[in-house]
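Since the structure of chain A is already known, use the hints to place chain B on it.
Those protein sequences? They're chains A and B, same order as listed. Heads up: the first sequence is residues 78 to 193, going by our numbering. Heads up: the second sequence is residues 830 to 942, going by our numbering.
Careful, some of the hints might be misleading.
When the alpha-carbon atoms are kept at most 20 Å apart in a straight line, the in silico DMTMM-like pairs for lysine to aspartate or glutamate are as follows [what the hints assert, rightly or not]: (1) Lys84/A to Asp103/A; (2) Lys934/B to Glu905/B; (3) Lys889/B to Glu181/A; (4) Lys881/B to Glu181/A; (5) Lys142/A to Asp88/A; (6) Lys934/B to Glu845/B; (7) Lys897/B to Asp883/B; (8) Lys929/B to Glu135/A; (9) Lys173/A to Asp141/A; (10) Lys906/B to Asp883/B; (11) Lys937/B to Glu892/B; (12) Lys934/B to Glu163/A; (13) Lys889/B to Glu871/B; (14) Lys881/B to Glu845/B; (15) Lys934/B to Glu837/B; (16) Lys881/B to Glu898/B; (17) Lys885/B to Glu905/B; (18) Lys929/B to Glu181/A; (19) Lys174/A to Glu898/B; (20) Lys934/B to Asp164/A; (21) Lys937/B to Glu871/B; (22) Lys934/B to Glu871/B; (23) Lys142/A to Glu163/A; (24) Lys84/A to Glu871/B; (25) Lys173/A to Glu871/B; (26) Lys906/B to Glu845/B; (27) Lys934/B to Asp913/B; (28) Lys878/B to Asp164/A; (29) Lys906/B to Glu837/B; (30) Lys934/B to Glu844/B; (31) Lys881/B to Glu871/B; (32) Lys173/A to Glu928/B; (33) Lys173/A to Glu163/A; (34) Lys889/B to Glu928/B; (35) Lys889/B to Glu845/B; (36) Lys929/B to Glu131/A; (37) Lys934/B to Glu135/A; (38) Lys885/B to Glu181/A; (39) Lys906/B to Glu928/B.
Note that these hints are calculated values from the structure, not bench results. Nothing here was measured: the structure is a model prediction, and the numbers come from that model.
Residues per chain, in single letters:
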Amino acid sequence: SAVISQKPSRDICQRGTSLTIQCQVDSQVTMMFWYRQQPGQSLTLIATANQGSEATYESGFVIDKFPISRPNLTFSTLTVSNMSPEDSSIYLCSAKKGTGGRVEQYFGPGTRLTVT
Amino acid sequence: GNSVTQMEGPVTLSEEAFLTINCTYTATGYPSLFWYVQYPGEGLQLLLKATKADDKGSNKGFEATYRKETTSFHLEKGSVQVSDSAVYFCATITQGGSEKLVFGKGMKLTVNP
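Just chain A, same shape as in the assembly (with noise of 0.2 Å):
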């Protein structure tokens, strides 16, 4: 198994700053993941963090307003640039661990972000 923990775990922020949001986990993973959970929709995946590489973004997802970083394989940053009212959403890393039919995902408990 994986626990995944976040910072912080909510914030409110004025428009136009920007925020950064760490994911830890507590074992080495495979591929590492940010979703936004805007309020009461579901799961929209951000992108995929890349251990020494640039993350591969989502359609309707840039790196210039999301930029992410991914320095070793049990930790990953990302950063909300230049908010909005509405960036406000919950924020969760996720982290996929295993191989072949052994594969389960992971979530962090979330950042809870509020964009004033």
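Just chain B, lined up with the frame of chain A:
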């Protein structure tokens, strides 16, 4: 691409009531299907999964059967408890071998004593 559609809530039940949460999928082939649960203040947890047609996933008294005839993966529990209050997400895997999860909109369940 592959997708899931699940019934939306919120739903409120009394303790010991029967629960069904509907989920149907649209997919090329037969991708794995999942139910995730998100308890208040916590991250998503895998509740159960099925990797091929006719498989039944089960955990904590919940069950779901992968039915290709009806393209469904409905979640059921015979007797819910207050501790089952949570948001439930149906999910599948995207096409193309990237193995990324695609989620339904989630359904909030509240169980009253």
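Cross-check of the supplied hints:
For the suggested pair Lys84/A and Asp103/A, the alpha carbons sit about 14 Å apart, so the restraint of at most 20 Å is met. Between Lys934/B and Glu905/B the CA atoms are separated by roughly 18 Å; this keeps the pair inside 20 Å, and the hint holds. Taking the CA atoms of Lys889/B and Glu181/A, the gap is about 18 Å. The hint holds against a cut of 20 Å. Restraint check for Lys881/B and Glu181/A: the C-alpha separation of about 16 Å stays at or below 20 Å, so the hint holds.
The suggested pairing of Lys142/A with Asp88/A holds, with an alpha-carbon distance near 18 Å, which does not exceed 20 Å. Among the hinted pairs, Lys934/B with Glu845/B is inconsistent with the structure: their alpha-carbon atoms are about 25 Å apart, more than 20 Å. At roughly 7 Å between alpha-carbon atoms, Lys897/B and Asp883/B fall within 20 Å of each other, so this suggested pair holds. Taking the CA atoms of Lys929/B and Glu135/A, the gap is about 11 Å. The hint holds against a cut of 20 Å.
Under the criterion of a C-alpha separation no larger than 20 Å, the hint pairing Lys173/A with Asp141/A is inconsistent with the structure, at around 25 Å. Between Lys906/B and Asp883/B, the direct Cα distance comes to roughly 18 Å. Compliance with the 20 Å bound is thereby established for this hinted pair. At roughly 18 Å between alpha-carbon atoms, Lys937/B and Glu892/B fall within 20 Å of each other, so this suggested pair holds. The hinted pair formed by Lys934/B and Glu163/A meets the criterion: a straight-line CA distance of about 19 Å does not exceed 20 Å.
Note on Lys889/B and Glu871/B: the hinted pairing holds, with a Cα-Cα distance of about 17 Å set against a maximum of 20 Å. Between Lys881/B and Glu845/B the alpha-carbon distance is near 30 Å, which puts this suggested pair outside the 20 Å criterion. A threshold of 20 Å between alpha carbons decides the hint, and for Lys934/B with Glu837/B the separation of about 7 Å falls inside it, so the pair holds. Taken as a hint, the Lys881/B and Glu898/B pair is honoured in the structure, with Cα atoms around 13 Å apart against an allowance of 20 Å.
The hinted pair formed by Lys885/B and Glu905/B meets the criterion: a straight-line CA distance of about 11 Å does not exceed 20 Å. Only pairs whose Cα atoms come within 20 Å are accepted, and Lys929/B paired with Glu181/A is accepted, the gap being roughly 12 Å. The hinted pair formed by Lys174/A and Glu898/B fails the criterion: a straight-line CA distance of about 32 Å is larger than 20 Å. Taking the CA atoms of Lys934/B and Asp164/A, the gap is near 18 Å; set against the 20 Å cutoff, the hint holds.
Simply put, Lys937/B and Glu871/B have alpha-carbon atoms about 14 Å apart, close enough for the 20 Å limit, and the pair holds. Between the alpha carbons of Lys934/B and Glu871/B the distance comes to roughly 17 Å, so the proposed pair stays at or under 20 Å and holds. Restraint check for Lys142/A and Glu163/A: satisfied, since their Cα atoms lie roughly 13 Å apart, inside the 20 Å limit. Only pairs whose Cα atoms come within 20 Å are accepted, and Lys84/A paired with Glu871/B is accepted, the gap being roughly 13 Å.
Proximity of Lys173/A to Glu871/B is assessed by CA-CA distance (about 18 Å); at most 20 Å being required, the pair is judged to hold. The straight-line distance between the Cα atoms of Lys906/B and Glu845/B is roughly 9 Å, inside the 20 Å bound, and the hint therefore holds. Between Lys934/B and Asp913/B the alpha-carbon distance is near 18 Å, which keeps this suggested pair within the 20 Å criterion. For a cut-off of 20 Å, the pair hint linking Lys878/B to Asp164/A is broken: about 32 Å separates their Cα positions.
Taken as a hint, the Lys906/B and Glu837/B pair is honoured in the structure, with Cα atoms around 17 Å apart against an allowance of 20 Å. Restraint check: the Cα-Cα separation between Lys934/B and Glu844/B comes to about 24 Å, which exceeds 20 Å; the hinted pair is violated. Taken as a hint, the Lys881/B and Glu871/B pair is broken in the structure, with Cα atoms around 29 Å apart against an allowance of 20 Å. This hinted pair checks out: Lys173/A and Glu928/B have alpha carbons roughly 10 Å apart, not beyond 20 Å.
For the hint linking Lys173/A to Glu163/A, the alpha-carbon distance of about 28 Å lies beyond 20 Å, and the restraint is violated. A hinted pair counts as satisfied when its Cα atoms are at most 20 Å apart, and Lys889/B with Glu928/B does not qualify at roughly 26 Å. Taking the CA atoms of Lys889/B and Glu845/B, the gap is near 14 Å; set against the 20 Å cutoff, the hint holds. In summary, the hint linking Lys929/B to Glu131/A is supported, as the alpha carbons are separated by about 18 Å, within the 20 Å threshold.
Using a Cα cut-off of 20 Å, the hinted pair Lys934/B and Glu135/A holds, with the two alpha carbons roughly 18 Å apart. Between Lys885/B and Glu181/A the CA atoms are separated by roughly 17 Å; this keeps the pair inside 20 Å, and the hint holds. Annotation: proposed proximity of Lys906/B to Glu928/B is violated, straight-line Cα distance about 28 Å (limit 20 Å).
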